[in-house]
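4 protein chains.
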Amino acid sequence: MRDEWFIRGNVPMTKCEVRAVAIAKLELRPDSILYDVGAGTGSVSIEAALQMRKGRVYAVERNEEAVDLILANKKKFHGEQVTVIHGSAPESLVSLPAPTHVFLGGSGGKMEPVIKLVLEKNPSVRIVANVIALESLCRILSLTKALGLSAEVVSVWVARGERKGNCHLMKGQNPVYIISMGGADQWEER
Amino acid sequence: MRDEWFIRGNVPMTKCEVRAVAIAKLELRPDSILYDVGAGTGSVSIEAALQMRKGRVYAVERNEEAVDLILANKKKFHGEQVTVIHGSAPESLVSLPAPTHVFLGGSGGKMEPVIKLVLEKNPSVRIVANVIALESLCRILSLTKALGLSAEVVSVWVARGERKGNCHLMKGQNPVYIISMGGADQWEER
Amino acid sequence: MRDEWFIRGNVPMTKCEVRAVAIAKLELRPDSILYDVGAGTGSVSIEAALQMRKGRVYAVERNEEAVDLILANKKKFHGEQVTVIHGSAPESLVSLPAPTHVFLGGSGGKMEPVIKLVLEKNPSVRIVANVIALESLCRILSLTKALGLSAEVVSVWVARGERKGNCHLMKGQNPVYIISMGGADQWEER
Amino acid sequence: MRDEWFIRGNVPMTKCEVRAVAIAKLELRPDSILYDVGAGTGSVSIEAALQMRKGRVYAVERNEEAVDLILANKKKFHGEQVTVIHGSAPESLVSLPAPTHVFLGGSGGKMEPVIKLVLEKNPSVRIVANVIALESLCRILSLTKALGLSAEVVSVWVARGERKGNCHLMKGQNPVYIISMGGADQWEER
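Protein chains in written order, with my numbering: chain A, 509 to 698; chain B, 509 to 698; chain C, 509 to 698; chain D, 509 to 698.
One or more of the hints may lead you astray.
Just so you know, same-sequence chains aren't split out, so a pair can sit in one copy or run between any two.
27 Å max Cα-Cα, derived DSS-like pairs, lysine-lysine [claimed, not checked]:
no., residue 1, residue 2
1, Lys624, Lys672
2, Lys618, Lys679
3, Lys672, Lys584
4, Lys584, Lys562
5, Lys679, Lys653
6, Lys583, Lys562
7, Lys672, Lys618
8, Lys618, Lys523
9, Lys653, Lys672
10, Lys523, Lys584
11, Lys583, Lys624
12, Lys629, Lys653
13, Lys583, Lys672
It is worth saying that the hints were derived from the structure and are not from the lab. For clarity, every value in this text was computed on a predicted model and none was experimentally measured.
Isolated chain A, as found in the complex:
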């Protein structure tokens, strides 16, 4: 989905290409239960919901302006499967149904307690985290080692051609690290 399709405001947003890779790494199934922690504009929640026939998405966000954007985007894209939760992680996650999948888009300092909590709720949960700070990358790698989890790390770097006159100037975006762990190793029938 194009970035400009979403109602955005001033809230930072995972860009189209990185969002596509992160959602692919989630390996959602038609009936998955996804937590989108630090949901921002809700773009990951919405795009994930549209790929699931019967799944549910819990979009957790503490910033009030962002919560309004998620609600607006939910309405625009008919994202009935998305439940918007105004609150902080991990506290707000405690009472939710156990997740099969978790996306961490920007909860920098709270990654550790969130990962621990969702693993308690479902030891075979699939977790995907996007980070751009090297220190967050290092912290999450340490944490996965401490927890005995095997993590896959990919770095995704996108440049977009920007029209200038008759030319395409390639504009580099920020490289994003996408860390994935847990979940099923095999393809499961649907």
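With chain A fixed as given, assemble chains B, C and D onto it according to the hints.
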């Protein structure tokens, strides 16, 4: 979907991350009609099919070994929506139903006649092409200018962490250019 | 050399890392004669000059503000080997001594006549061009084929860690294509 | 300098473009004293030496096959300024003259004691380290914080066009992290 889930043989395959971006750029709808031209292992056909409830995919491939792989993957993933066509483009496309979406994964020399043909069949078709040769990139940019089409170009570069002992060594993959053109500018209700 | 060491104004400047690669690709020798065409702030001219004991650099620039910057940088870095020429290429190059090396940093539309002229002056000249527009890349590839020259193309993508609090956020710069052609194939004794 | 100019054997080698950036980050002066720790084929030692009129390079390498390559390259390129030392770091560095610059190309596990030792020898030494493992990157970032040093981190990603028929296929190399710290903030007259 993970690359290792697909049955592969020796046929080159669009890698997981790039496949995810290319499919996102297609902007498929639940009832789209997609041509996957130069379908290779069929990984794009399969992953696209699994995202559409009622759509159809025509996977066109001239290499016989690759056709067998597509059929095997179709079976493994229950891709009933995928029709496998053993033949060359653009000839094999002539008699097919008009496409709403076209993916060009590797038909180097034939891009020009394929693009012209599918535009005749559906002037508002959405076309996404992946290229890795600079000369193919240049040819497709020239063609879009000659045809008066506005093309978006993104370059996607992925590095994957490879486990070595206790470390992740980042291994760079080949950068891929993804060119998109045509289709609807607005999100359409489903 | 660090970007912030140079006196800069509002003139665009080849960044430190890309400048280092471009100068390495020039394969300068202690007594080379370098044209820096579209010299901008003069950063390539200065850094190249400081690597040559007896060489000469002709920094050609048509923009007056940029010419003043080159002169200021020449003074700051004691770049006595640099001759600053206020004028347009290829006209301004006609009367200069034949070059052994040519750097094209930004002369978009004029690349073709400049390359033809310097090849006339010295058929074994080494030429390095930096481009960021895809269309410039395509044009220079076509030109090298038409002239029967073998070109090396590298794409260089740099992200710089930007301090934010206690973290390094990786900020992607624009990818640059560096095209090199001509010159000696073997290392020559000095 | 081109990679193929060096005598190489089976020893891993910092590639041309990354070598150029790393040497630029060293900010060598005509009379610098450089330690090249884990010198491999000696390509950094040689290229650095050729840029200094009166400097000295100590190429430290524990692998015997690599030591022979450094000696062969020293001979080929007339690198009289390079002293080759067969031994391990940090032990082999103890008796050497204090360095003004240190390059760490591959001493994974030994980075910490090496950095501590060279800082003792010269508190204002300039240190540049190339790493490709994320865990090494994390360790060096932690170390610089513990030592109160401000580190610059850049990630450099290079793709090289490989000729195939009439085309250039872009082949991605591995991204390298280049970490720089210490040294003079201002350009110093020569």
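Pop the pair Lys583 and Lys624 into one bin, within, between, both or neither, using alpha-carbon distances up to 27 Å.
neither (32 Å within a copy, 38 Å between copies)
How would you classify Lys584 and Lys562 at a CA-CA limit of 27 Å: within, between, both, or neither?
both (19 Å within a copy, 22 Å between copies)
Please work out whether the CA atoms of Lys679 and Lys653 approach to 27 Å or closer within one copy, between two copies, in both situations, or in neither?
Between copies only: 20 Å across chains, 36 Å inside a chain, cut-off 27 Å.
At most 27 Å between alpha carbons: which applies to Lys629 and Lys653, within, between, both or neither?
Within. Shortest intra-copy distance 20 Å satisfies the 27 Å Cα cut-off; inter-copy 36 Å does not.
First find the shortest C-alpha distance between Lys618 and Lys679 inside one copy, then the shortest across copies, and answer within, between, both or neither for a cut-off of 27 Å.
Classified as between: cross-chain Cα gap 23 Å, same-chain 32 Å, threshold 27 Å.
Given identical chains, is Lys618 near Lys523, meaning Cα to Cα at most 27 Å, within a copy, between copies, both, or neither?
Answer is within; shortest intra-copy Cα gap is 22 Å, inter-copy 32 Å.
One pair to classify: Lys653 and Lys672, alpha carbons no more than 27 Å apart. Within, between, both, or neither?
Classified as between; 14 Å across copies, 47 Å inside a copy.
Status of Lys584 relative to Lys523 across identical chains (alpha carbons, at most 27 Å):
within (19 Å within a copy, 32 Å between copies)
When no copy is specified for Lys672 and Lys584, does a C-alpha distance of 27 Å or less occur within a copy, between copies, both, or neither?
The answer is neither: 32 Å in one copy and 35 Å across copies each exceed 27 Å.
Intra- versus inter-subunit Cα pairing at 27 Å for Lys624 with Lys672
This pair counts as between: shortest inter-copy Cα distance 26 Å, intra-copy 48 Å.
Treating 27 Å as the Cα threshold, decide for Lys672 and Lys618: within, between, both or neither.
between (41 Å within a copy, 17 Å between copies)
Please sort Lys583 with Lys672 into within, between, both or neither, judging by C-alpha distance up to 27 Å.
Cα proximity of Lys583 and Lys672: none, with 35 Å in one copy and 35 Å across.
Hint compliance for this structure: hints 3, 11 and 13 are not met, and every other hint is.
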